[in-house]
Amino acid sequence: MLNQAGESLSAREIVARALDAGLIRTRGKTPAQTMKAKLSTDILTRREASAFMRTGPARFGLRRWRQGGTREFAAPRFQRALLDERVLAVARNELALFVPGPGFWSEPLSGGTTLAAVAKPVQRRQAEQRWDLVQLVSGFVVHFRRSILTYKRSRRLPESRLHGSYSLFFGGHLNPGDIPALFDIFRPQADVGFTFLARELEEELIFPRSQMPAVYFKGLLYDDSQSISQQHLGIFYDVVLGGRDFLVGERGFLMDLRLETPKTILQRRDEFENWSQLLIDSGLLLPRR
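Mapping of the sequence shown onto the numbering used here: position 222 corresponds to residue 222, and the numbering continues sequentially without gaps.
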């Protein structure tokens with residue numbers, strides 16, 4: 001389709017032209033997003049061997065066009081935008097209401113108080129500079145059968161200290177719109193809702209909406225061994241897939257995705273970043289239901 005067009009196209013334009021030409025059929029609700037994810041994954045994993053390249057923000061072309069002078073577009077880092085977003089945080093003196101200390105806690109304290117009741121929105125840039133605040137971060141451990149999805153963090157991700165290390169969870173900072181999902185966080189079988197899950201993972205993993213994963217609250221994680229970890233509280237969930245039908249999102253910049261058994265993960269524990277190591281040491285890698 002790109003060859004016929006002779007010019008760069010967006011994923012939406014590629015899908016529209018392919019449908020008009022009868023080259024593809026789709027029953028999905030977001031075919032453009034699927035196309036974008038597939039092209040992005042091909043470029044990310046195959047690099048120079050990929051037949052495709054980005055020619056601009058959300059636009060794609062053929063790599064051979066570089067011979068004619070078309071320049072390949074490199075997506076800019078998005079660290080500044082991240083620092084401007086509003087995230088949820090709790091006061092440090094309230095942290096003891098939920099975790100008794102450092103470690104992974106599958107049965108966290110509550111004392112009748114919910115995180116939703118005490119979490120407040122704050123600009124992430126300000127929160128990073130305030131020791132009296134602890135930011136809330138979601139973490140999703142993705143399971144398929146008795147294996148766990150792991151990945152290597154590339155240099156295009158924020159937090160340079162983690163570059164080159166492996167991780168066994170996905171997710172990120174929680175935003176003010178996530179507060180309703182926190183109210184039932186301590187129920188043993190808390191289904192946090194597919195909308196919440198999709199928003200948190202859409203930059204890293206894309207699941208077909210026809211195959212909604214089962215989501216369970218796993219526990220809370222706090223680590224005071226590193227300065228940046230001291231400013232974050234991890235809220236962890238198990239995501240149990242019914243199949244292997246998922247795509248790598250465009251902006252996750254994830255490398256070397258693997259489905260690994262807990263035994264294999266334990267054998268290479270030291271290759272993982274500190275939060276993943278705490279999860280490994282907890283002995284609770286298999287889904288908590």
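Careful: at least some of the hints might be erroneous.
[To be verified] Below 20 Å or equal to it, Euclidean Cα-Cα: the simulated EDC-like pairs (lysine to aspartate or glutamate) are: (1) Lys152 to Glu260; (2) Lys38 to Asp256; (3) Lys38 to Glu85; (4) Lys152 to Asp84; (5) Lys120 to Asp84; (6) Lys152 to Asp256.
[Said to hold, decoys possible] DEER-style ranges, computed between Cβ atoms: (7) Asn274 to Gln123: 39 to 47 Å; (8) Leu259 to Lys38: 13 to 21 Å; (9) Ala116 to Thr70: 44 to 52 Å; (10) Val118 to Phe52: 30 to 38 Å; (11) Gln126 to Gly177: 14 to 22 Å; (12) Gln67 to Val240: 26 to 34 Å; (13) Arg17 to Thr70: 26 to 34 Å; (14) Gly283 to Gly6: 39 to 47 Å.
I should point out that these hints are in silico values taken from the structure, not numbers from a laboratory. Ideal Cβ placement from N, Cα and C applies to all residues, glycine included.
Query raised in the report: So which hints don't hold here, by number, going up?
Result: 3, 4, 7, 10, 12, 13, 14
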